Amino acid sequence: MIDSQTRNLTLWNLSVAFVAFVVACFLGFYQVVERSGLFEFLKSERLYFTSVSTHGVLMAFVLTTFFIMGFGYYTAVTSLKRPVWKPALAWAGFGLTLLGTVMAAIPLVAGKASVLYTFYPPIQASPWFYIGAALLVVGSWVWCAIMVIMAVQWKKDNPGQPLPLAMYATTANALLWLWTSAGVAMEVVFQLIPWSLGWMDAIDPGLSRTLFAWTLHPIVYFWLLPAYTALYCFVPRAAGGYLFSDEMARFAFLGLLVFSLPIGFHHLYMDPEQGSGWKLLHGVGTFLVTVPTLVTGFTVLASMEIAGRLRGGKGLFGWIGALPWSNPMVLAAILAFLMLILGGFGGIINASYALNAMIHNTAWVPGHFHLIFAGTTIIMYFAITYHLWPRLTGKALYSNNLALVQLWTWFVGMTMLSTPWHVLGLLGQPRRISEVTYNSLLTLAWQPYELFMIMGGAVLLGSAILFAYLLIKSLGSTVAASDLEPAYAEPIHAPRDLPGWVENIKLWNVVIGALMLLSFGYPILQFFFLKTYDSIPWGY
Amino acid sequence: MHIDPLEKKWLYITFGMVGLFLGAIFISALISGIHPPSNVETIDSARLHLSEEFAEDNLGVKIQSDGSIRVTMVAGRYGFFPRHITLPADTTITFRWASIDVLHGVHMPMTNMSTMVVPGYVAEVTTEFPKPGDYPMLCNEYCGTGHDFMWSKVTVVDKQTWERQHPSSKGDES
Ligand code: HEM
Ligand SMILES: [Cu+2]
Ligand SMILES: [Cu+2]
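Residue numbers (my numbering), protein chains in the order written: chain V, 70 to 609; chain U, 706 to 879.
Source of the hints: derived by calculation from the structure; they are not laboratory data. Note that the structure is a prediction, hence the values are computed from the model and not measured. Ideal placement from N, C-alpha and C gives every residue a C-beta, glycine not left out. Accuracy of the hints is not assured; some may be wrong.
Take a look, some chain U residues computed to stay more than 10 Å from chain V by CB distance [claimed, not checked]: (1) Pro-741; (2) Gly-765; (3) Leu-792; (4) Pro-872.
With a straight-line Cα cutoff of 30 Å, these simulated DSS-like cross-link-like pairs (lysine-lysine) come out [what the hints assert, rightly or not]: (5) Lys-767(U) / Lys-600(V); (6) Lys-150(V) / Lys-600(V); (7) Lys-155(V) / Lys-575(V); (8) Lys-155(V) / Lys-224(V); (9) Lys-575(V) / Lys-224(V); (10) Lys-464(V) / Lys-542(V); (11) Lys-383(V) / Lys-713(U); (12) Lys-225(V) / Lys-150(V); (13) Lys-858(U) / Lys-767(U); (14) Lys-836(U) / Lys-864(U); (15) Lys-864(U) / Lys-383(V); (16) Lys-836(U) / Lys-858(U); (17) Lys-150(V) / Lys-575(V); (18) Lys-858(U) / Lys-112(V); (19) Lys-713(U) / Lys-575(V).
Generate coordinates for the entire structure from the input sequences, incorporating the hints supplied.
Laid out in structure tokens, this is it:
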């Protein structure tokens, strides 16, 4: 069993993540009910936007950041087989992230920061919200630093050895997050905080949107990489087989690190403040970054097929039936895959330079990211947690069957929620509305879909409560966990003669820096030589 | 290093697919000239009333000398002004937008008239409407608690009807 320091760090980080998650799921359910317009007495724009802002921040920033930090400490310690570097610092980082979360949560819940999780100016929130958000990010940088330092120290002590794959992925994610968060950090520190404190009268929303777009795309890979880590490092072994290729996995993580960063303008396709050439450039990058995901799809499926055949599966598809569907890790991987395939189709449409106009800011968009983020990513977070919980607490999971029920219901609920959401988008419904007031025949076609979404939301809320129940119930379990050892998958071919550049952190930072300069340099600089007009703050 | 022959094949397929998608995008962009709204043009959103183009009296639908149509509109909490416009089908129409306050997004469902309206910048979209009918024009970016109520109306009439109503629109300058 791993040392108690690491266990506590991971447990605390995961617990904060899941408290945020469960609270936010209640808000999510309220939102689908409110926006349907079926319940007159619930109608309140003020409450709705307070709720969506809180739900978005809790899910996108709090759940993810704490989960990733907790999982990262576990991965580093178990894969490198050494203790956390400077645990006191790790706790300080945790404390800072938590402090930031609380500072941002108070104005959010009080309705003083109903600016949604994207907080686009010139609508202004309480300064506490921006300061809290900044502290949350700075706290997570402490985690990044610890991950990178542990990897570098291990390399020094094991010359010529490749990093264990799980740590390779975690280090890539730490570097990715440092680069990713720089955009929003610049926006918050140089624009939003001074402006909300009244030190600056006005700021340029065009510049803000550009800096936010810097963060907005790679952040989804920051959320997704732990899920991929589990797909590569846990799933093949849980399925009873081997990882098809350790080396391709490294290239996939490297590709995601480098190419997810310089492409954020696909979020600005419909914006007037950036020229079309830059948008096209980022659009090309957006399609290139599908390559590592398609590679991941191949490697993970191949690994599962090997496992299925080792278990006696025959024929073209027989191996699928032979997989251990009753293993939560394997089940989650299969369901995550199904949602990833559907979400991938949608993503291609969003990413398309011309097609984007059709679905931009429609209900299609939350439909898409609930499917792929709340679906694919979060279902893997559940599986990782079921895998870690016994190893952290020393107690067996309360019920494997309930865990399977929880994963299935999450999948079914997410399908029921996000499918009608996509359709609503195609029927023209905008995102982020609390009710339908448009006096148009078009809106009659929207109603049945709203009803379906409520049912999906109810199933999801039930699933989230079941998840929390299982974890809490397991804490009181009297059965000791049978296997406390970490369970990383073995590759078919151990990585051999990996060229040095694969693990050269300095080199990759330089490459990323150059790509960022190329794709964001001029688009950011232009705001300093164009004659721009800044915006004063507005309420909401 | 070890790359399996199957992996190699899959990589070729992957790059083939990406190439296909990018090919389609480049054809639509460079040959058909389809681009998202991207004119980098600034304006003082606090003084729109003093600008020539976006002053209240100059808003609305204007017929250009080449027969094309220009629509100048202002987005502000909570509406698009003028609140109701009528446009011809099958005609090239250029919309020009400015915000008087915060960030808005404007979309006419079932058409590709879509753009963000960012304060400080002029947004421009050129498009055509093939189908006559009544269209809502909706705000699709959160702009405050009245965001739900931010919409206006567009009526698209067939080209003959429009030309009868606007004798000056036949292309020749009148
Ligand atoms: C019980 C399950 C859930 C339900 C019923 C639900 C429902 C909703 C609804 C109705 C909205 C408002 C969208 C709008 O007004 O356009 C929303 C927003 C959002 N949801 Fe969820 N959600 C759930 C779970 C999740 C999860 C697990 C995540 C991610 C981990 C997530 C991430 C988000 C984000 C980031 C937003 C903000 C979107 C925005 O500001 O436009 N949700 N959700
Ligand atoms: Cu993106
Ligand atoms: Cu709006």
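These are the hints, each one checked on the structure:
no.: 1; hint: Pro-741; verdict: violated, 4 Å
no.: 2; hint: Gly-765; verdict: holds, 20 Å
no.: 3; hint: Leu-792; verdict: holds, 16 Å
no.: 4; hint: Pro-872; verdict: holds, 31 Å
no.: 5; hint: Lys-767(U) / Lys-600(V); verdict: holds, 28 Å
no.: 6; hint: Lys-150(V) / Lys-600(V); verdict: violated, 56 Å
no.: 7; hint: Lys-155(V) / Lys-575(V); verdict: holds, 23 Å
no.: 8; hint: Lys-155(V) / Lys-224(V); verdict: holds, 18 Å
no.: 9; hint: Lys-575(V) / Lys-224(V); verdict: holds, 14 Å
no.: 10; hint: Lys-464(V) / Lys-542(V); verdict: holds, 10 Å
no.: 11; hint: Lys-383(V) / Lys-713(U); verdict: holds, 25 Å
no.: 12; hint: Lys-225(V) / Lys-150(V); verdict: holds, 14 Å
no.: 13; hint: Lys-858(U) / Lys-767(U); verdict: holds, 17 Å
no.: 14; hint: Lys-836(U) / Lys-864(U); verdict: holds, 10 Å
no.: 15; hint: Lys-864(U) / Lys-383(V); verdict: violated, 64 Å
no.: 16; hint: Lys-836(U) / Lys-858(U); verdict: holds, 15 Å
no.: 17; hint: Lys-150(V) / Lys-575(V); verdict: holds, 24 Å
no.: 18; hint: Lys-858(U) / Lys-112(V); verdict: holds, 25 Å
no.: 19; hint: Lys-713(U) / Lys-575(V); verdict: holds, 29 Å
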